[in-house]
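The primary structure of each chain is shown beneath.
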Amino acid sequence: MHIELNHYLWLSAFMFTVGVIGVLVRRNAIVIFMCVELMLNAVNLSFVAFSHFLSDIQGQMMVFFVMTVAAAEAAVGLAIVISLFRNRQTVNIDEINLLKG
Amino acid sequence: MALHDLLLALPITFATLWTILLIVVEATAKRAQLTFSLTSVGFLILITMMLFPSEQGYAFGEMLRLSPYSQFANFVFALSGLLVITLSQSYLAKENIHFGEYYIIVFIATLGMMLMASAAHMVVLFIGLEIMSIALYVLAGIMRKDLRANEAAMKYFLLGAFSSGFFLYGISLIYGATGEMTLFKIGIYLQENSATSLFWIGLSLMMVGFLFKISAVPFHQWTPDVYEGSPTPSTALMSTASKAAAFTALITVVLNVSSQTENNSNWIFALSTIAVLTMVVGNIAALSQDNLKRMLAFSSIAHAGYMLVGIVAGSDAGYSAVLYYALVYSLMNIGAFGVIALIEQQRELTSASDYAGLFKEKPLLAGVMALFMLSLTGIPPFGGFIGKYKLFAAAVESGLSWLAVVGVLASAVSAYYYLRVVVFMFMREPQAENQFEGVVLNPTLVLIALLVFLLGIFPTGMLRFAGEAMKFAFNM
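Taken in sequence, the protein lines are chains A and B.
Add 114 to a position in the first sequence, counting from 1, and you land on the number used in the numbering used here.
Add 9 to a position in the second sequence, counting from 1, and you land on the number used in the numbering used here.
Because the hints were derived from the structure by calculation, they are not lab data.
Quick caveat, the model's predicted, so the values are computed rather than measured.
All residues carry an ideal CB built from backbone N, CA and C; glycine is no exception.
There could be a bad hint or two in this list.
To be verified - Some chain B residues close to chain A (C-beta under 7 Å, calculated; not the full set): (1) Arg153; (2) Leu156; (3) Met163; (4) Leu167; (5) Ser181.
Looking at chain A on its own, in the form it has when it is part of the complex:
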């Protein structure tokens, strides 16, 4: 079977959806964060696919920036999770509910 642009786009849309659903239903902060990373990587796949089929380099350039940003985000995010865990001994977001209106 010949693989076309649409196949990549559907795969990336599927991965993105899995990530979104994961963020909405999972309760562990680390797992939610992993789902966010899955969303970003799904987008990366679509960037590379577009870049290849448009014969344009900008999409692949963008992917490098996204990976860098994701790394920076991971550093800050995990630091926040660690400081939370030190104080509360939990990373379950259902148990983190001091702020309620």
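Using the hints, position chain B against chain A.
Frame of chain A; chain B shown alone:
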């Protein structure tokens, strides 16, 4: 060529180099006071740079666009940053988190905002947004022993990262639909070709990202929790400058796709529905809040709704009104949060009823707070009135009178909760003797109050700047 680009993008070049300098100084000297002074100097240099007209054009291979538009926006960001750090100092010292890193991170957040306002390419837009957001996650959680701050940082981080995912997917689909990532080339493509459904899905996803950042309904649920839990000076920055940055970036994007959105009834309907919901939900939810930080969080949602009215109007008048409002709103909201920070750091008092009798003990502080509250309500002669008037006038000019009517009604509702604070301060007796002892008025607050007042009485100069910023913004 390269040197010319560096000079053209001088504010951004300068801010980047200054950030490196700050990091080196903090790492070697480890003196928060020194870092504070250097950060203030950096902000002051940036503000001075913005006051002089400079060359405009594209820099770094059409990555950045320097124009009166970015200049006006950068002025707002640098001014907010400077005011926030001067208001932070005593708060941080009281909470035992007086680290030099705090100031550096505020500076980095400002750099991210400047990139957003000067972006001419989707990469720069995304990088700017992330530099700003990641810096703000750190600022939200900088009180790392405090459970509420931890929780706020966590929520802000997870939802912020989630929304950047949508934003990025939007960029990707627009890239796929138009084959371009430079904003003006996307604009040219859209003028020559009709938009595909791929483009519309992409634009909608990108809008979701923006609406998260400006906390418009229905993407606003994180706002009250994050604003309440974060250290108050950080909240001041998040609720003002970061929203202003998201709005400037939003205007940049909308202007470049305007050939598709202008007179497009679906687009106007969707955006005006969100604007109406944001104004109504924000104001009604704020009515029942007793904690002032939560109240201001909901009021900031409502203000995002007012600014969206200017975007829906879709004219230069609307956009320049948004710019002007971003300036006035930043000033008055930073002022209000500054007063709350002052009282909170002494007495841990954050509810409206705790402010009873403030006028008796600290008349000047109560007066300043009252001025901010009246200006936020939009009562003349303060800056908030002119800003709102310009926004709603732009909506009427674009034939959206009903939107202006909703906006005026919503701000009439807002008078209840703003004036409630004023009533408590001026007309009630204090709950205890010497309740506000030790609260020292920060001179910066008086300066902000003066600026808000002046922007109300002599708005012409600033309005002209905002108007020129739009006029020369994107014509090549």
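Requested in this report: Compare the structure with the hints numbered earlier in the document and write down the numbers of the violated ones, lowest to highest.
Outcome: Violated hints: none; all satisfied.
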